[in-house]
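A.B. asks: Sequence:
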Amino acid sequence: MFAIDSIVLYVENIQLSMAFYEETFECQPKLLSPTFAVLEFAENVKITLKQVNALTPSSSVRGGGTELSIPATSRVVLDNLFKQWKQLGVEFAQEREESVYGVNFVALDPDRHRLRVFA
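So the sequence shown is numbered by my numbering: it starts at 1 and just counts up by one.
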């Protein structure tokens, strides 16, 4: 069986993306090279950031288009996180809303990757 080491998000500006994730997830990104960083805010997977102009091999794929699904431990935790991110000026594709599978919201990172938090 295979194991997944990390999920790679393509970004336009590594420094801007690192600052965003450091602030919103209260984690300390590790810059592994001038164009590659790792975020360790999740328990079982690493999220890595790769600057698109340094991809090998090169790719026409740009940032955005990925969605990370992030479970909150409770609705209270979700509500507090939503308020905190609002105060930080995070952009939202979807405000907090109730749906058939619970409550959720979708935030956007600087490259428009979607961060869906649900409870």
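Be aware that one or more of the hints could be misleading.
[To be verified] Calculated cross-link-like contacts (lysine-lysine; reagent style DSS-like; alpha-carbon spacing at most 30 angstroms):
1) Lys83 / Lys46
2) Lys30 / Lys86
3) Lys46 / Lys86
4) Lys30 / Lys83
5) Lys46 / Lys30
[Claimed, not checked] Simulated restraints on C-beta separations:
6) Ala42 / Tyr101: 16 to 26 angstroms
7) Val38 / Arg116: 31 to 41 angstroms
8) Val100 / Asn13: 20 to 30 angstroms
I should point out that these hints are in silico values taken from the structure, not numbers from a laboratory. Each residue gets a CB set at the ideal place from its N, CA and C atoms; glycine is no exception.
A.B. asks: Hint by hint, note whether the structure agrees.
C.D. replies: Results of checking the hints against the structure:
1. Lys83 / Lys46: Distance of about 25 angstroms is within 30 angstroms: holds.
2. Lys30 / Lys86: Distance of about 25 angstroms is within 30 angstroms: holds.
3. Lys46 / Lys86: 25 angstroms, holds
4. Lys30 / Lys83: Holds, at about 27 angstroms.
5. Lys46 / Lys30: 11 angstroms, holds
6. Ala42 / Tyr101: 16 to 26 angstroms: 21 angstroms, holds
7. Val38 / Arg116: 31 to 41 angstroms: 21 angstroms, violated
8. Val100 / Asn13: 20 to 30 angstroms: 37 angstroms, violated
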